[in-house]
Amino acid sequence: MRQVFSEDFTVSKRQLGVALVVLGAALLLAAAVLTALDGVRLAAIIGGLAGGAGVLVGLTLLPLGDRPA
Amino acid sequence: MATGGTASARRRSPWVVTGWLLAGLAFVLLVGHLLIYVHYAVGLMRFPFDYDQGEGFELVDTMLFSQGEWPYRDNETYPFYASNYPPLFHVILVPFAWVFGPAYWYGRLAGFVGTLLTAAAIGGIVYREERHRGVAVLAGLAFLASNYVYHIGPLFRQHMTMVMFETLAVAVLAQAPSLRETGRRRWALAGGLLLLLAAGYTKQHAVATCVAVFVFLFLRNPRRAAIWGGGFALVAGGLFLWIDWATGGAWWTNIVAANVNDYYLAQFAGLLRQWLRLHGALILVAALFALYELYVARLSLYTIWWVTAVASTILAGKWGAGDSYFTTAIAATCVLSGLAAARALRGAWKLPGGAQAALKRVAGVAVPLVYVWYALSVVKMPTEGRFFGWLSDALGLESTYGDRYAFYDAAGWTQGYASIGHVPTQTDVDNGWRIVDLVRAADGPVMSEEAAFSLHADKDVITNPTQLKNLYENGLYDPSTLVEALRAHDFAAVIFRAQFYPPPVLEAVYEAYYPAETIPMNGFSYEIWQPGPPAEQRAAFAASLAELQPGETRTMALALPFDSALAWRGHTMRQWEAVHGKPRPSGEGGQCIASDFSQDERVISLEVCPAGAEARLTVTRSR
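For the record, the sequence lines run as chains C and A.
The numbers in the first sequence follow this note's numbering, run straight up by one, and end at 89.
The numbers in the second sequence follow this note's numbering, run straight up by one, and end at 636.
Worth flagging that the hints you see were computed from the coordinates, not collected in a lab.
Wrong hints could be hidden among the right ones.
Simulated restraints on C-beta separations [stated by the list, open to error]: (1) Gly366(A) <-> Leu79(C): 22 to 28 Å; (2) Ile65(C) <-> Glu520(A): 32 to 38 Å; (3) Ala52(C) <-> Ala591(A): 55 to 61 Å; (4) Pro88(C) <-> Asp491(A): 28 to 34 Å; (5) Ala203(A) <-> Glu27(C): 15 to 21 Å; (6) Gln23(C) <-> Leu207(A): 26 to 32 Å; (7) Gly45(A) <-> Glu27(C): 47 to 53 Å; (8) Gln23(C) <-> Leu254(A): 32 to 38 Å; (9) Ala63(C) <-> Arg374(A): 47 to 53 Å; (10) Ala63(C) <-> Leu207(A): 31 to 37 Å; (11) Leu79(C) <-> Leu38(A): 23 to 29 Å; (12) Ser538(A) <-> Ala63(C): 35 to 41 Å; (13) Glu27(C) <-> Thr494(A): 58 to 64 Å; (14) Thr440(A) <-> Ala63(C): 44 to 50 Å.
For the chain A half of the interface with chain C, some residues (derived, Cβ under 10 Å), not all of them [what the hints assert, rightly or not]: (15) Leu129; (16) Phe231; (17) Asn234; (18) Leu278; (19) Arg311; (20) Leu312; (21) Ile327.
Even glycine gets a Cβ: it sits at the ideal position worked out from N, Cα and C.
Pulled out of the complex, with its shape left as it was, chain A reads as follows:
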């Protein structure tokens, strides 16, 4: 790799040639990672359903904004929906919603383009500060090569757009205090703080970058930090209060209170270990650069940003958080390691004695070696298809997820790590449309754990499950209205993927609905729950179970087709033990099905018979 002006003989020395070869290898590997990322992003943009949990609710927020409505609402009234994210990402997408309606591709495109802009900003910072094109390119590519960025970048989620605004804000503000011309300095500060505000109103996690910026401004000049900090607080706080007032307090409840979740130290520790293992090569260099600035040179915004971003990863231990909480730290690590590498190649480190010259010589090989090490640490790729099937076979890589997905990920898995990265298949798409057809055919709204099916069927989106769960666990959500609606079969079906609802809501579904069908899509099992018998019939059945004495029998009508009644019977007796073998034919002509269940000392026999379009249930307590 170039180390400045040298004689032609030195250019051909084995050491220099080795450096160039390694630099070429690093570049090829990182471009390979970029191509895999583009392949994945295009694959996701073509997939018309939720790929990662919760994407559809971001689309719902976008649709609400496009209709001039706030997504910060009362969760206790129909449709029991509210958003827990700030508005900017969704507002940016409103023009797309006007033109294309509800679709996933434009949100995923925005996320993907955001990561490309972040990489460009990282490269731009490294080039502006150190004037080394090669390292600038490698630093930008390194960001895109990260397993975490790969995962989250092309999703319909706001996180990577936040990272983009953060990186752009840091790029603008890092040099602002040094600008001598007052007018230019003020414009730079205003522009940078506007980008910072945009980051905060894209996702709350940007608070770490806000801390970094104001610590940096304070170190450079406390007076300027106080003045600009006051103005920033006024604008950001004013916006906050206005939205809270406009939404009747729902903004505070859904954005702040709902995000106070349980904390799992093991989740954070696992993710931290994984992050260090995958990005260790760059983190090591970044840490050395930070120490150098702390003790030898002057602290730049880049170093302070890196420290606060790494510190903020501790929030990755929250329930619902995960690897995305490391992406700002990854961007900062790419900047810092890029600056360190370029400075080493330029021989611009201020070190005592001959260390400076020695470091410059070593850097020619060490710097590309760091990027090769990193590129080999973050390997991930699909393991099927004409090209990737051949490549993964040639490299001896097998799917990390077995039969579930055809995808190799060197990251492995730890609690909180998103187990995604594969490209959905045509079967996934077909199965998604099967679920949409079921929702379309349903007589009324459907409570679905993912929004895509209702959106495609042009029906109301009912509930934002994790939001209800978070609020419930913080004592801020009373689920009684939703529970009543479920018991009354106000929803024509329920679709589960992970059952991330508050426990009383799950109990109400278990009591009033039964699992009728499971459709696999994208590695998950989507359970279609259909309404069981009406509330009064369920109550009569429950009373029979509780009241019948040995030898007594009760018969009741079930407002369900015979096959559905059989499925409901199996589900509703799930807490009883099946006895006397499999269900057996009974009744006249063997057209009924009988089976026995026991619990404690009691043994109950249930016989389901067809009765016209419905069914008849006979409950007998034999012991």
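Next comes chain C alone, as it looks inside the complex:
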């Protein structure tokens, strides 16, 4: 964490990919919970689609390594 908040730290493509996968999965989970509690709602559909896109894009960024994002 100390390194992340250092003067010269820059987020890499892989780190961005991990962040997108985590955020996307969280959105997918939230959409699933919302659907389970409240039925199929527009917000859940949009959240699910955005989450799915986030996970997919994130996964494709993982192989790009330490190049700056």
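Use these hints to put chain A onto chain C, whose structure you have.
Just chain A now, with coordinates in the frame of chain C:
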């Protein structure tokens, strides 16, 4: 189009000549769009009334600020008015309000100049990053050519000023993290964030650009993003809390709570399809550039801005939202496509093998072709007048709006798309002043769905209809005081254009007033509703309808002139079915008018007779 230093023989090759011809055509077409835009803007600045729904309330906000008052107020007390927009656009216009009083032209001028500055900023970004004057000019002109920008740019509305601040903020902040000199970097960050703050305090929709900026700063350096983000949140949040405190909580209610509206997916889907169809040429190039930066190069603020701006268009499905929600995405698209085009012409894309050289060769024709394609997709123009009548005839273009407006728009129409773009006529102006004369002659304040008439008549502006409707639908507005005022005829008249009021308010108008006159202006029908009989006479009449038995008759006085009483009778019986043909003369000398109405099993005969300056009504239940 120039592709860098080449030999003179190559300059004359058919491929290069074709590129230059297409570039010239793109430039001519986009300049043509600019001239049409200027024509429209000047036409609107000369029109002294509301052109688009709600413009007048922006003027009211400006006038309130010029008098040192907040427009964020309690909607439940007279004059039942509050604004739902942040203050900066109106505050900027305060000096104009001091000098010129309430007038529409300076707000429209500000919006128009804002779009020109946005276009200049787009061109400036493209030139600064890629050093290609031709594409920089085309990118700026492309923004002004958009049907959406054309529509909204010269209106007395804050949206395009927000887009201007957003674009300027992005222009300043995009290079800030790369500045090596600490002092310059700090100044750039402070200046850029100040512009971002200005965008947010012009309109709430700027939140998408705020997200883009802080994601970008985080990717470049999380520490810097946290420090500057904290400072930004402190200033923006502090301002928010101060205004909320100064307005007794009315700021939160009117700015935040009132903007939670119903959502229509079909509206968003229609607008998205329309946006893709009109701007597809540039969107395609912008998307390729974004993918290139994501996987090959480094993400710039421009690309992140484009992604968040496009994502934020999903809010266009809200009730009351529309095509304006795409204008930030259009600005970002013009930047990104301009960068991509200029880079292709310079051969500066980093591609494997011989692809880089091949792309440079193709770009000489493909880039101008993209702008020609775009310019031909966004065609719109007036279809009457000496020049535009001839031009539209020559091009075979007819008005998209039939007899309503003389205006062709390639966009067509979809739910949420503003059906405007024409230049108002002298008849529109004359009819507007007719309505103002009616308001001036009225004995007291007038509740008008548009503010212009009351402002010109120097009377109080009563209600901000859509604001009341939004608050009512969110359970945040109790209309009982306004309903009581309407039932008591506290307003000398009511003027409707679209009837965007809460249902109880509309019901109160229907019960206490009647439509006396319709005046067309600017493609809309303005209904002038006059007070019906006093409350006790209306109650007596309603009781007669409910209580009379077959064969019984009641007579009552109506405090209305005879002609007005006839008009009121027709309106108040609107939920009954007229029977036995047209109203017929009756009474002594045929000076009365009688007509019959039925509902379920009941048949009622109403006879209206003149009684001095007023009228007498006889109600008979025949069945």
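Quick rundown of the hints versus the structure:
1. Gly366(A) <-> Leu79(C): 22 to 28 Å: Because 27 Å falls inside the window, the suggested range holds.
2. Ile65(C) <-> Glu520(A): 32 to 38 Å: Since the Cβ atoms of Ile65(C) and Glu520(A) sit about 36 Å apart, the hinted range of 32 to 38 Å holds.
3. Ala52(C) <-> Ala591(A): 55 to 61 Å: For Ala591(A) against Ala52(C), whose Cβ atoms are near 58 Å apart, the range 55 to 61 Å holds.
4. Pro88(C) <-> Asp491(A): 28 to 34 Å: violated, 56 Å
5. Ala203(A) <-> Glu27(C): 15 to 21 Å: holds, 19 Å
6. Gln23(C) <-> Leu207(A): 26 to 32 Å: Between Gln23(C) and Leu207(A), where Cβ atoms are some 31 Å apart, the hint holds.
7. Gly45(A) <-> Glu27(C): 47 to 53 Å: About 52 Å separates the Cβ atoms of Gly45(A) and Glu27(C), which means 47 to 53 Å holds.
8. Gln23(C) <-> Leu254(A): 32 to 38 Å: Roughly 35 Å apart at Cβ, these two residues keep to the hinted range, so it holds.
9. Ala63(C) <-> Arg374(A): 47 to 53 Å: The hinted range 47 to 53 Å holds for Ala63(C) and Arg374(A), with Cβ atoms some 48 Å apart.
10. Ala63(C) <-> Leu207(A): 31 to 37 Å: holds, 34 Å
11. Leu79(C) <-> Leu38(A): 23 to 29 Å: Violated, since Leu79(C) and Leu38(A) (Cβ atoms, about 44 Å apart) do not stay within the stated range.
12. Ser538(A) <-> Ala63(C): 35 to 41 Å: Holds: the Cβ-Cβ distance is about 38 Å, inside 35 to 41 Å.
13. Glu27(C) <-> Thr494(A): 58 to 64 Å: Taking Cβ atoms as reference, Glu27(C) and Thr494(A) lie about 60 Å apart, which means the hint holds.
14. Thr440(A) <-> Ala63(C): 44 to 50 Å: Because 47 Å falls inside the window, the suggested range holds.
15. Leu129: Violated: closest Cβ of chain C sits about 35 Å from Leu129(A), beyond 10 Å.
16. Phe231: holds, 7 Å
17. Asn234: holds, 6 Å
18. Leu278: holds, 6 Å
19. Arg311: Nearest chain C Cβ about 5 Å off; hint holds.
20. Leu312: holds, 6 Å
21. Ile327: Holds: closest Cβ of chain C sits about 7 Å from Ile327(A), inside 10 Å.
Violated hints, listed in ascending order, are 4, 11 and 15; each of the other numbered hints is respected by the structure.
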